[in-house]
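K.L.:
Assemble the whole structure, with the sequences as input and the hints as a guide.
Letter by letter, the chains look like this.
Number of protein chains: 2
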Amino acid sequence: MSSDKIVLGHGSGGTLMHDLIDSTILKHFPAQNPGSLVDAVSVQAAQDHVLFTTDSFVVSPQEFPGGNIGDLAVCGTVNDLAVMGARPKGLSCGLIIEEGLELSFLERVLASMAQMAKTAGVPIVTGDTKVVERGAVDRIFINTSGVGEPVHAMAGLDAVQPGDAIIINGPLGQHGATVMAAREGIAGLGDLRSDVAPLWGLIDALLEQKVEVRLMRDPTRGGLATTLNEFVAPGRFGINLDETAFPTDPAVEAYCDALGLDPLYVANEGKVVMAVAQKDAQRALDILRAQPLGRDAAIIGTVTDEPVGKVVLTTAMGGRRFVTMLAGEQLPRIC
Amino acid sequence: MSSDKIVLGHGSGGTLMHDLIDSTILKHFPAQNPGSLVDAVSVQAAQDHVLFTTDSFVVSPQEFPGGNIGDLAVCGTVNDLAVMGARPKGLSCGLIIEEGLELSFLERVLASMAQMAKTAGVPIVTGDTKVVERGAVDRIFINTSGVGEPVHAMAGLDAVQPGDAIIINGPLGQHGATVMAAREGIAGLGDLRSDVAPLWGLIDALLEQKVEVRLMRDPTRGGLATTLNEFVAPGRFGINLDETAFPTDPAVEAYCDALGLDPLYVANEGKVVMAVAQKDAQRALDILRAQPLGRDAAIIGTVTDEPVGKVVLTTAMGGRRFVTMLAGEQLPRIC
Chain H
-13 MSSDKIVLGH GSGGTLMHDL IDSTILKHFP AQNPGSLVDA VSVQAAQDHV LFTTDSFVVS
47 PQEFPGGNIG DLAVCGTVND LAVMGARPKG LSCGLIIEEG LELSFLERVL ASMAQMAKTA
107 GVPIVTGDTK VVERGAVDRI FINTSGVGEP VHAMAGLDAV QPGDAIIING PLGQHGATVM
167 AAREGIAGLG DLRSDVAPLW GLIDALLEQK VEVRLMRDPT RGGLATTLNE FVAPGRFGIN
227 LDETAFPTDP AVEAYCDALG LDPLYVANEG KVVMAVAQKD AQRALDILRA QPLGRDAAII
287 GTVTDEPVGK VVLTTAMGGR RFVTMLAGEQ LPRIC
Chain G
-13 MSSDKIVLGH GSGGTLMHDL IDSTILKHFP AQNPGSLVDA VSVQAAQDHV LFTTDSFVVS
47 PQEFPGGNIG DLAVCGTVND LAVMGARPKG LSCGLIIEEG LELSFLERVL ASMAQMAKTA
107 GVPIVTGDTK VVERGAVDRI FINTSGVGEP VHAMAGLDAV QPGDAIIING PLGQHGATVM
167 AAREGIAGLG DLRSDVAPLW GLIDALLEQK VEVRLMRDPT RGGLATTLNE FVAPGRFGIN
227 LDETAFPTDP AVEAYCDALG LDPLYVANEG KVVMAVAQKD AQRALDILRA QPLGRDAAII
287 GTVTDEPVGK VVLTTAMGGR RFVTMLAGEQ LPRIC
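Protein chains in written order, with my numbering: chain H, -13 to 321; chain G, -13 to 321.
Just so you know, these hints were derived from the structure itself, not from any lab. Keep in mind that a hint or two might mislead.
Unchecked claim - Dumping the calculated DSBU-like pairs for lysine-lysine here, alpha-carbon to alpha-carbon at most 30 Å:
1. G:K296 to H:K13
2. G:K(-9) to G:K13
3. G:K265 to H:K296
4. H:K104 to H:K13
5. H:K(-9) to H:K13
6. G:K196 to G:K265
For clarity, every value in this text was computed on a predicted model and none was experimentally measured.
P.N.:
Next up, the structure:
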């Protein structure tokens, strides 16, 4: 048995697995007490209910400019809580590992998770480790679930009304374009870099100023187009987007132009889109722009009376087109 | 595109994925409101903190006598909460699906999850679905995480003392032996059947009678031997087991005898082992035996002064042997 690779016994429940957990996993996640490996842990919440979410991560390649699967696993779940106004209180880490995986890679992924969790201010409190035989999984898949404390209330989709501003905290498509380019081995297309980042700090800063945010979402798989189509789906209002107002990343623009991709459909991992009461739109922008992750925030559109149920883009040339939901698969295994 | 198989687009985040969720997944998990697909949901807890756990399921084969991977996914997480005295309040369902999976199989798994969750009295409240290309995962892996409300307090491992009774609710090894036999295609060895079952009802019935249970665990991977070695690991006491006191399943006995396996190391998915104050041991047994899942409950051992840190088995022939923790892998992908 080689000591620098995962073997099936590391998933046995026995001494090898205890060694892996003690010597490799808990080294990175010290919040868990190595002396009391229990399967369920207590998470303190200051209120009488908690927010609960889950996400599995299968990104390929598993390391890319700007991050790796571990960064995604932490940020994805933190952000799912954050856009609901919930402070992340505890994350779980479920690892499914392929026999033969290099321990050095596992260490990098776990170190990234630990660092990102620290940045987000949330401990990784419980976990599970399975090892499957070669070929039964592609290197490593990670599930993170999260428990959050609801500290900011938002009125929700039902409260969105014509005149509300649509605001995003930065340029679209950085994560998707980076993973796509990394997978294809495309180089020389500029400084592509995933935007993977935990958004709780940014969102908390905004909401504690009592800005009237109706709702927020993180436009991940399917991109902004899909998220905004979910906004308009109830059929009470439409959304008009102004192409000239979008913050842009030149590297993403160049990449998408070269491949004929529309950044509206490309995945993000550090973006939040929100509908904000018109009266608070400028104030929201100011607060967001004062934060590193909101530096490029912009009002990119407006909620409209009609056409109901539709997202319309006014292009830089003054034309108008419908932005529909992504149908099939733009890029599998983007997160 | 064939309509009875999963395609990559089912994981896109777009309309195909919305269709899969609406037409297949939410049909089974109606607790989630199809009109408001959000990534994090509120879970009510009656107290100020919650129990939180996670588990990934990779069992092979994914259907076996007595259950399937979906049954395991619900029971495993319910039981991790239950042994901590926590009433399960909400489960998540994270699916990683291989392109090409038959929808009929997915439906069976989801139906099992829904039925088992109903039996356990816990809703499946949030989820995530990823689809990966053929060969990147073996059919389907499932992560379930769970949030529970701590309704019964147990003193814990530190309170265990010599004289305490070790009690189990039924015979060992039914899940592990069944999966092993199903994998090897062995037939004619009797009526092997997984013991997969949600234990909250049994445990709740016991603890609400104020029986002094020090702690409980579910002996899954690594079997009872591994769990009891975790009990004695702090080195304050030992455990003596009486082989003649164990409840047995003739089908498991026959299978293990034939293959030279020790049921002490074979996985269970519907068993709980507990240390109970001597004064309450008989009462605990009576309460457990009145429940279907505790019909075969037995006192199988005693906490001893010495040898500290060791589990000793007194065999049917009167001999004594150490029962050590499982080292490597008895059987990969047992759960």
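K.L.:
If a hint holds in the structure, say so; if it doesn't, say that too.
P.N.:
Evaluated hints:
1. G:K296 to H:K13: 27 Å, holds
2. G:K(-9) to G:K13: 17 Å, holds
3. G:K265 to H:K296: 69 Å, violated
4. H:K104 to H:K13: 14 Å, holds
5. H:K(-9) to H:K13: Holds: K(-9) of chain H and K13 of chain H sit about 17 Å apart, inside 30 Å.
6. G:K196 to G:K265: Within the cut-off at roughly 12 Å; holds.
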